[in-house]
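What follows is the residue order along each chain.
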Amino acid sequence: MTEILLFAIPALLIILGALIVVFAKNPVHNAMGLVLTLTSLAIVYISLNATFVAMVQMLVYAGAVMTLFLFVIMMIGVDKPEQSRKEIKGQTFLISGTLILLVSIIVYIGLENGLNWDLLFPESENAIEGTPSLLASSMFTSWVFPFEVISILLIVATTSALALAYEFKKSESND
Amino acid sequence: MSIDILISLIKPLLVLGIVLTNTIILIWLERKVVAGMQSRVGPDRAGPFGILQTLADAIKLLLKEQILPLRADKAMYLLAPIIALVPSFLIFMIIPLGPGFDLTIGEETRFINLVGADINVGVLFFLAISSLAVYSVVLAGWSSGSKYPLLGGVRASAQMISYEAAMGLSLVPVILYSGSMSMSKIVESQAGNLSSTIPVIDSIVRFIPNWNVFPQFLAFGIFFVASIAEVNRAPFDLVEAEQELVGGFHTEYSGFRFAMFFLAEYINMFNMCAITATFFLGGWLGPTFPGIFPPLLSAMMPTIWLGLKTVGLLFVYFWIRATLPRLRYDQLMELGWKRLIPISLIWLLVSAIVLGIRDFGLPWS
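Going down the list, the protein sequences come from chains V and G. Residue numbers are given in my numbering: position 110 of the first sequence equals residue 110, and the series is strictly consecutive. Residue numbers are given in my numbering: position 320 of the second sequence equals residue 320, and the series is strictly consecutive.
What the hints contain is simulated information worked out from the structure, not anything from laboratory work. Remember, predicted model here, so these are calculated numbers, not experimental data. Any given hint could be a false lead.
[To be verified] Here are the simulated DSS-like cross-link-like pairs (lysine-lysine), alpha carbons at most 30 Å apart as the crow flies:
1) 25(V) <-> 89(V)
2) 64(G) <-> 147(G)
3) 60(G) <-> 25(V)
4) 74(G) <-> 60(G)
5) 25(V) <-> 147(G)
6) 74(G) <-> 64(G)
All chains should be built: construct the whole structure from the sequences, respecting the hints.
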């Protein structure tokens, strides 16, 4: 019962947030919808015993990234409702096709399992206590090379972004 | 089973009670302390020493008209004060208030640990929830549909992100040193006194408690500065800045919605001091005098110790507010990005190397 509640409420909130992201006219409302989705996703992670991933999700995405989004929206001042109503060619066809595909996948899975939905989560193999240390030990032993490569990639991306912005500013001040 | 549910229900209610009572006393204490430092009397009419002043203010705010600005974004305007309060209550849930005790009801015995939720990634939870607190300020500023709150909101988002980074980085050496991200384990790791393998140093430091503040003094400094900025207190209160921005992000709020922001600010301040005490000042650790004090008082001593440490830190907050002038905005950013973050990175590296040598020996030996 608790598991179903822990899944159902955040799942509904995720869908609600996603709908707000798509349908709200105001960019700030869109951003807050995304915050709702990301936070609810963190609750789903907690119910799956992945507390560490949940906290990092909250910290990085719901906390830092979305705050920067809001900052940019407010700084540039695009916080007005969108005026344009440009339609993508054949959007009705595309959307209805995707919806039909989605519904048929759900119906297919339901029929395959004889309409017997197993919503309960499987017993986790690792105790809750183990998640950060398990993650760390696999990240810093078997996957240490990809980990370091990604970190170098991120540093390169940051410095190049900085270099581009700084060069632009310098040439402006020389004029 | 029913006892467990009862315990889980009582804990949040207790937290609510403790937090609200604390806030009432805290606001009075701040006014008294700052008044004393400025040679004023402070509130002294309502109740003995004016201690009921906050209650009177709360009733006043409850009875006031709540104004909804014409150009406000209604949904976000109403949501912002709620977003301000929720994280502040959530953070209090992870602060360990004592070592825990066995409670026997009828035939069943339960171990009650004096912490709302003892999660094993408590430090990350604290950082995650405090990063959500910025939304209330940003949304309040933006949704008011007025220029001063908007400026306050934009300042808040930049300031809180900058200092969050420094705060998180200053906690990493503490996690390394304590070997855990659970708040209760961090407290337990600070038990006992300092020791050293060198006899001369050992004879001096053996009387100093093994609190993280001594080996991690630089992390403590960075965390303390960043925490003041994180709760938007003077000298980092550019978000509100009465002289420039009227009232900052809450200019357009009135009545109880303003009270919610006010409440959230003081709860955050209290939480931040309690968390600082937990991370660096040994949390609830302290002498309990089991033989000298009566048993009940002796059992309550850990919570009293935590309270004393927290109030001590809060006094420093008030002291700083009464002493230091507000930083200019570029100075604030420079302090965050060019001083605190590099220093905390270097300190992290130094701590990691020292701990590595302590645990694994020198690399060439």
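Tested hints:
1. 25(V) <-> 89(V): With a Cα-Cα distance of about 21 Å, the restraint between residue 25(V) and residue 89(V) holds, given a limit of 30 Å.
2. 64(G) <-> 147(G): holds, 24 Å
3. 60(G) <-> 25(V): Violated, because 38 Å separates the two Cα atoms, which is more than 30 Å.
4. 74(G) <-> 60(G): Judged against 30 Å, a Cα distance of about 24 Å means the pair holds.
5. 25(V) <-> 147(G): holds, 22 Å
6. 74(G) <-> 64(G): Within the cut-off at roughly 19 Å; holds.
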